[in-house]
Amino acid sequence: MVLPFNPQDQPHESEFSLDFNAKPWTLDRVITSCTDEGQVAIQELMGALVEQGWDGSEFFQVNMAAEEAVVNAIEHGNKRDPCKSVHLLFRVSPTEIYLEITDQGSGFNPDTLPDPTDEDLIEKPRGRGVMLIKEFMSEVHYNDRGNSVVMIKRRSAETGDSDSNG
Amino acid sequence: MVLPFNPQDQPHESEFSLDFNAKPWTLDRVITSCTDEGQVAIQELMGALVEQGWDGSEFFQVNMAAEEAVVNAIEHGNKRDPCKSVHLLFRVSPTEIYLEITDQGSGFNPDTLPDPTDEDLIEKPRGRGVMLIKEFMSEVHYNDRGNSVVMIKRRSAETGDSDSNG
Amino acid sequence: MATPKRIVVNEQDGVSVVRFVDRKIVDSSSIEQLGEELIALVTVDKRNMLLLNFENVEFLSSAALNKLISLRNKIKPTGGTLKLCNLHKDIEQVFKITKLDKLIEILPNEEKGLASFK
Amino acid sequence: MATPKRIVVNEQDGVSVVRFVDRKIVDSSSIEQLGEELIALVTVDKRNMLLLNFENVEFLSSAALNKLISLRNKIKPTGGTLKLCNLHKDIEQVFKITKLDKLIEILPNEEKGLASFK
Ligand SMILES: Nc1ncnc2c1ncn2[C@@H]1O[C@H](COP(=O)(O)OP(=O)(O)O)[C@@H](O)[C@H]1O
Ligand SMILES: Nc1ncnc2c1ncn2[C@@H]1O[C@H](COP(=O)(O)OP(=O)(O)O)[C@@H](O)[C@H]1O
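As you go down the protein sequences, you meet chains A, B, C and D in turn. Counted the way the numbering used here counts, the first sequence spans residues 1 to 166. Counted the way the numbering used here counts, the second sequence spans residues 1 to 166. Counted the way the numbering used here counts, the third sequence spans residues 1 to 118. Counted the way the numbering used here counts, the fourth sequence spans residues 1 to 118.
With the rest of the complex left out, here is chain A (with noise of 0.2 angstroms):
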């Protein structure tokens, strides 16, 4: 693969290099309701955010919001029915990243779930999923269904080792 950007060589973006140089990378498949096969996805994709420079807080954000959207579309959206799939489509440039999920389930109001830092959920072993996915991505949009998020991050304009949530 030829890297369209070297971290090294352009730690800041350049609206040029960002244009015209830069050939955002794609992952675009379609993986059964199995969770390790999510991982091996999810897996390249970080590789692919090493690749463009991202690193420190931004890459553990994205590699969690990726693995809790994954396993929501496996484990409630297909209800790991091995007949349903996931369709992952995957876009990393050095100043944005786009993650879309969709699965085949019957989907879900993701602005009426609980909050899960409320005292009678705080015991609770579930429900912090989506809740990390909104702290850690610049947008996130669920379609009217609710089996299809997408998400994005953003570069903030601080590169390496920052801190923003989102």
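It is possible that part of the hints are untrue.
[Unchecked claim] Taking lysine to any residue pairs in the SDA-like style, the calculated list, with each CA pair at most 20 angstroms apart, reads: (1) 118/C / 13/C; (2) 134/B / 98/B; (3) 83/D / 48/D; (4) 134/A / 99/D; (5) 96/D / 79/D; (6) 96/D / 114/A; (7) 96/D / 117/A; (8) 84/B / 40/A; (9) 46/D / 70/D; (10) 74/D / 17/D; (11) 124/A / 19/D; (12) 74/D / 23/D; (13) 96/C / 98/B; (14) 102/C / 118/B; (15) 102/D / 84/A; (16) 46/D / 28/D; (17) 84/B / 27/D; (18) 124/B / 78/C; (19) 84/A / 28/D; (20) 96/C / 150/B; (21) 124/B / 111/C; (22) 134/B / 150/B; (23) 99/D / 114/A; (24) 89/D / 155/A; (25) 112/C / 78/C; (26) 84/B / 96/C; (27) 124/B / 13/C.
[Stated by the list, open to error] Covered by chain C, per the in silico footprint, the following chain B stretches (three or more residues, Cβ under 8 angstroms): (28) 97-110; (29) 114-128; (30) 139-151.
Just so you know, the hints here were simulated from the structure itself, not pulled from any lab data. Glycine is no exception: its CB is placed at the ideal position from the N, C-alpha and C atoms.
Position chains B, C and D with the ligands relative to chain A; hints supplied.
Using the frame of chain A, we list chains B, C and D with the ligands on its own:
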């Protein structure tokens, strides 16, 4: 697809046509632990049987054996695990059908299965698949582990509505 | 019961004659549904004289056979009877090999099937 | 208990110090196993003063978080305590966002962790 044999033209086997003209139909496919995917492959198999002049009881029996073996691979072998797959290798010529079905389970011993026709088992709603496979195919071989079966059906001398079992 | 989707039921001389919608009884969710509809005939509709007419059925898997056995087991303690008729010869062969023809009576056609209940 | 595979446990001043084998706690079967091993510390080995040292851990998913909550819930009624130390800053951030740092005490390092049990 070019049919190597047209049943109307060549209702009887001939060694010549077999060896030199017959291009056996082949399906070599990995499916997930999803019976719908198994169904699609079996439909294609049955289409190939028609094309190669199989019909009547032999058609029915091969359909049954394929169905039972694929369902067993998915259900008992892979236990419907979405991370596991089944390998199908089907070959159909006008005189012989070869079906190889391999799952990723831990296998079983087909020789120690109880006889479902026993008085104390006859009312149980299970345990007839392997028996029907053995009855309906000319040869059935499980590998040592028991996660792979090879089933062969040879065309009986009588073509058409034969009621031979195996 | 909810309107059945995999079977069509007709009452005739006190016997429920059941026909099948599918020519091939093989898809696992259809088989599950079929099983539920057949059992509901007994548990919900309280019918226990059942004649299943297989005229339309070209193929059925052992999973479908299992549903018939479960149906027979459900009917038996009610004092009712399950019978089959109009089996294609290959399907009848399946019943013979598995000796299920000893468990569930098979009649050649609907007329003889109905008569056998008298 | 069976030899743990996902954790390494050392007794120190009456506290069980637990370290993790995996740098990324994310694979679902590993998480299940991890959860069982942690719970067995309490239910089988009757240890209830636990300090989990996250030094080796770079990443963990919410499924792994859930196992920690279950562990905390198991320990609480025994009168014991679960504490964590040496969290990477991004993981500590996860605990802050989810307010789990209010449920499970987090110490900067093992020394302070051990001292806090005194
Ligand atoms: N892709 C999805 N399809 C259907 N429901 C979902 C999906 N993603 C999340 N949900 C719903 O949102 C709830 C909260 O999800 P999450 O915050 O990840 O916590 P958890 O997975 O531990 O339940 C889930 O329990 C589920 O009901
Ligand atoms: N591919 C397989 N892998 C593991 N076990 C199998 C496999 N095929 C069959 N078996 C075992 O053989 C038993 C009998 O199978 P079968 O005769 O098809 O009846 P049923 O599927 O109704 O149990 C199964 O219950 C299972 O224990």
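**Request:** Provide an ascending list of the numbers of those earlier hints which the structure does not satisfy.
**Result:** Violated: hints 5, 11, 12, 13, 15, 16, 20, 21, 25, 26, 27, 28, 30.
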